[in-house]
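Colleague: Please build the complete structure, drawing on both the sequences and the hints.
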Amino acid sequence: MSYLDSSVPPIRERRHPETALAHGATRCGQGPKRAVCAIMAQADRSFTQGSICPLLPALGIMTSLPETVVLLHGAVGCGACANGNNVNIRAGRAARGQPGQDALWLSTTLTEINVINGGEERLAEALVAADQAYHPKVILAVSGCLPGVIGDDLDAVAAQTQPRVQAKILPVHCEGFKSRFMATAYDVVYHAVGRGLLPDQSTGPKDPLAVNVMNVGSMGLVDEKELARLLGELGLKANFFPVFADPDSFELATRARVSISVCPTHDDYFLEHLREKFGVPYIIKHMPIGIKNTSQWLISLGQELGLAKEARALAKKEEAELERALAEFRPLFAGRTAFVSAGEYRSLATALLLRELGFKILAIRSFHIDSFAEVELAKLDQTGDFILNVANVQPFEEANLIKKLQPDIFLGHWHGNSTAARLGVPTQVIYNSGHAYIGYQGVYDLARRLHRRLSHPEFYARLGRYAHLPYRPGWYEEEAFSHIREAQS
Amino acid sequence: MSGAFLERPRWACSLGGALAAAGNLPETVPILHAGPGCAGNFAWANNGAAGLAVTGPCLGLSVPATNIQENEVIFGGLDRLREEILSTFKVMSGRLYFVLTGCLPEVIGDDVESLVTELATRETPHKSRLVMASVAGFKGDSFHGYEEVLKTLILKVIRPSSTKIHHLVNVWGLPPTLDPFWRGNIDGLAELLALLGVEANFFFGPRATHQALTQAGQASLNIVVSGLYGLAAAELFKQKHGTKFIQTPLPLGATASDRFLTRVGRALKIPASRVKKAIAEAGQRHYSYLEPIIDVFNDMEAQRHVLVIGDVNQALALNDFFAADLGWVPELTVITNELTVEDQARVRQYHLDMGGYPPERLIFQNQSHLIAQEAKAIWGETKGKYHNSRRPIFLAGSSLDRTLANELGATHLSLTYPIANRAILTRGYVGYAGGLRLTEDAVSALIAGR
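Heads up: the sequence lines are chains U and P, in that order.
Counted the way our numbering counts, the first sequence spans residues 1 to 489.
Counted the way our numbering counts, the second sequence spans residues 490 to 939.
Treat each hint with caution, since some may be false.
[What the hints assert, rightly or not] List of simulated lysine-lysine pairs, PhoX-like, C-alpha gap at most 25 Å:
no.: 1; chain 1: P; residue 1: LYS727; chain 2: P; residue 2: LYS653
no.: 2; chain 1: U; residue 1: LYS309; chain 2: U; residue 2: LYS237
no.: 3; chain 1: P; residue 1: LYS640; chain 2: P; residue 2: LYS653
no.: 4; chain 1: U; residue 1: LYS316; chain 2: U; residue 2: LYS285
no.: 5; chain 1: P; residue 1: LYS579; chain 2: U; residue 2: LYS404
no.: 6; chain 1: U; residue 1: LYS403; chain 2: P; residue 2: LYS579
[Unchecked claim] Negatives, chain U to chain P, calculated, CB over 12 Å:
no.: 7; residue: LEU72
no.: 8; residue: LEU221
no.: 9; residue: ASN239
no.: 10; residue: ALA308
no.: 11; residue: ARG355
no.: 12; residue: ALA378
Calculated directly from the structure, the hints in this document are not laboratory data.
Yeah, the Cβ is synthetic: ideal placement off N, Cα and C, and Gly gets one too.
Modeller: Structure representation (structure tokens):
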């Protein structure tokens with residue numbers, strides 16, 4: 001039975017029980033396989049800092065869908081992050097020729113009365129009113145923590161209200177307390193999309209040239225163009241899902257020749273469904289970030305489609321061209337030390353990229369680690385030792401490590417970067433939609449930005465002298481991972 | 490006012506407002522007892538709403554948080570909170586540890602107060618204290634959370650003092666972040682009060698110190714610069730510390746500053762002649778800066794019809810600034826707070842009592858699509874050859890109001906929360922100098938294509 005047959009998607013803890021959230025050790029002296037096993041799925045922390053629940057990345061995807069209303073069922077602050085998501089949505093729409101368009105999100109603003117009496121009636125009213133006010137194609141009814149704990153039946157309300165609503169109502173189960181892993185976000189969105197926007201059966205013949213490329217919220221149009229360019233060189237056509245995809249276009253996904261993931265931990269839920277139900281095979285290995293990784297990604301696609309020779313030739317040509325372009329940057333990079341922090345795959349793939357550019361990797365922090373990481377960890381283990389810290393941000397561990405390791409550059413994301421910057425370390429954002437990261441173009445552009453940053457790090461040097469972090473001086477003397485312990489549940 | 494849903498809410502929940510407040514107190518470490526995504530949620534909200542100001546000394550994803558999961562929802566979260574508080578004492582440096590409870594622990598019934606009381610007396614590090622505020626998201630909006638933090642300060646942090654210092658006042662009513670210009674506006678208030686020789690505690694922001702906060706009981710007057718926020722706290726302060734309070738609008742620009750100084754002077758029994766002299770000098774200085782642009786300002790026909798959209802503090806203060814200082818014409822002023830009918834009436838009356846300028850139309854509305862309807866009723870189709878179009882229009886609102894500004898053909902400037910498209914560091918519009926900055930920014934918006 002497919003996961004999509006049940007109304008509620010399983011959390012990552014159940015679907016990928018090997019997934020780990022807390023780990024810290026060097027990988028020295030451990031075989032790749034053993035090292036992965038040594039990461040305890042059940043580890044936890046006795047001190048934690050605020051984090052991100054699945055709602056935030058899920059909103060990043062959901063608010064990008066055109067002609068869609070995102071209705072947050074929760075207290076008024078739940079989903080306030082949509083203000084931040086909206087910055088990306090506006091930029092993404094502008095890049096796609098639709099400037100000045102805000103995402104559309106609403107809240108059912110649950111109050112104390114709803115906590116006592118339930119929020120189902122309020123949700124039903126909001127669905128009807130939103131349909132009448134905006135006439136969208138789709139309303140995503142998104143459950144935050146509160147409805148989950150007071151026991152609102154999201155699916156029942158959606159089903160009962162649907163006859164009164166023209167838009168298609170898709171329930172999205174995003175109760176933050178149900179999963180420790182923000183990667184659950186991808187599953188809950190795919191669950192809603194898979195159940196609501198795919199046809200019962202393919203509506204037409206397969207398109208032998210069409211490839212489903214599963215994008216991620218952290219990719220901008222510039223990255224999609226690079227992948228479309230590479231696929232175009234092989235005579236293939238890229239259809240991008242789910243970010244910024246029109247609700248009506250998902251049907252095309254069922255008729256593609258093959259699906260390929262850009263970020264393996266992101267997509268297995270949906271791609272397996274497309275394979276099972278519509279016979280679309282998929283490739284879920286490698287992330288096209290870095291020189292070798294991009295080539296391997298491309299060749300794996302070529303192999304699946306009988307274009308292996310063409311893909312190899314393309315990769316060889318692209319690598320040679322890129323290598324010539326990188327020559328001006330390499331002298332500055334040689335032997336510089338880097339610290340990388342991001343989502344599982346992104347962090348590992350970017351570390352490989354940095355090694356290709358001549359950097360020495362001191363440490364990698366991943367938001368989580370699951371079995372998808374094995375391929376990348378094996379690649380990394382072949383080319384040197386480093387500290388692996390699994391942490392859903394937790395900047396106190398990062399600050400401790402940075403003080404001890406003193407990297408030349410830190411590549412991270414929100415709050416990771418600002419923590420490093422406050423310690424005077426030049427930083428480079430590891431993903432931000434709108435900047436190129438993916439494919440050969442992405443390698444070049446990241447190298448160009450790194451060169452610029454390392455040539456002009458003055459801002460960070462001054463900031464480090466004056467900025468403040470909230471930790472006790474004694475914390476920096478402690479072992480960085482001293483708060484990691486076995487989970488207590 | 491509000492319907493079955495709220496469109497793109499222009500505030501967060503009680504926890505969000507409380508975190509923005511507690512995280513901007515001096516030497517303070519907030520501790521969230523909440524679900525795992527609340528801190529990230531507010532950090533990303535700030536990204537698109539707070540003039541790029543996302544973090545503070547202990548905000549964003551640095552804030553200690555229990556990140557409670559299903560296990561705690563079922564079995565209770567107090568053990569996890571105890572562990573988190575004790576760990577926080579070891580890792581994080583602060584004089585004030587401030588526990589804030591979110592939706593989940595309050596629904597499941599964690600007795601956080603007892604735990605905090607127990608740890609506050611036995612476990613808290615030397616020279617620091619542990620307090621809490623109960624600010625579940627379902628209990629109210631950001632303004633509610635801000636007020637709850639003030640109440641905790643008044644009851645648990647500020648030391649009672651029988652001696653009052655005459656020229657020391659406390660000022661509040663600008664919720665950090667929700668007033669995206671709060672830091673600059675505090676600077677403006679400090680400058681204004683200094684004109685009368687008055688010193689002020691603002692509790693929040695770069696000017697505040699922990700010592701001044703704990704000694705706030707010595708102030709002889711509390712000033713609430715809001716028509717609404719912080720009044721309950723002022724009453725509580727009066728009961729607990731015997732300090733009287735006055736309420737004034739946020740003094741944006743010269744006219745409002747004149748009135749502010751007069752009111753404060755009267756409340757502190759500062760000789761009227763001294764106040765008058767201070768006002769006259771400030772006015773001279775103010776207009777010496779403004780005068781050079783008069784040629785162009787006048788000849789470009791800069792006078793505008795104004796549409797203001799913002800919360801109760803900002804909307805009315807902006808309305809009055811544009812009307813009284815620039816002589817622009819407030820046509821429609823929209824207050825976006827979720828208010829009871831009684832509070833709406835109170836706000837209207839307060840505005841008139843304070844000498845505010847009545848706009849052509851004042852409405853309470855927080856749904857953007859309904860605000861657009863109201864605006865289009867005024868600025869809809871051109872009717873015939875001789876039509877008083879009430880144009881050109883200047884829209885003083887949030888960055889969410891840019892679409893409406895485009896539809897109306899209005900000049901837009903982001904002045905109220907949420908603000909995604911401005912970087913705000915020291916910028917503030919309170920006071921005489923603040924009024925000059927607001928004139929600079931508004932007129933610059935008019936001539937951006939010049």
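Colleague: Are the hints correct? Go through all of them and say.
Modeller: Quick rundown of the hints versus the structure:
1. LYS727(P) with LYS653(P): Distance of about 13 Å is within 25 Å: holds.
2. LYS309(U) with LYS237(U): Holds - the C-alpha atoms of LYS237(U) and LYS309(U) are around 18 Å apart, at most 25 Å.
3. LYS640(P) with LYS653(P): Judged against 25 Å, a Cα distance of about 20 Å means the pair holds.
4. LYS316(U) with LYS285(U): holds, 20 Å
5. LYS579(P) with LYS404(U): Between LYS579(P) and LYS404(U) the Cα gap is close to 19 Å, so the pair holds against 25 Å.
6. LYS403(U) with LYS579(P): It holds: about 18 Å lies between the C-alpha atoms, which stays within 25 Å.
7. LEU72: Since the minimum Cβ distance to chain P is about 9 Å, LEU72(U) lies within 12 Å and the statement is violated.
8. LEU221: Given a closest Cβ separation of 19 Å, the condition holds.
9. ASN239: The claim holds: ASN239(U) sits with its nearest Cβ about 29 Å from chain P, beyond 12 Å.
10. ALA308: holds, 42 Å
11. ARG355: Consistent with the label, ARG355(U) stays out of reach of chain P, its closest Cβ about 27 Å off (over 12 Å).
12. ALA378: Holds, because the least Cβ-Cβ distance between ALA378(U) and chain P comes to about 30 Å, which exceeds 12 Å.
Hint 7 from the list above is the single one not met by this structure.
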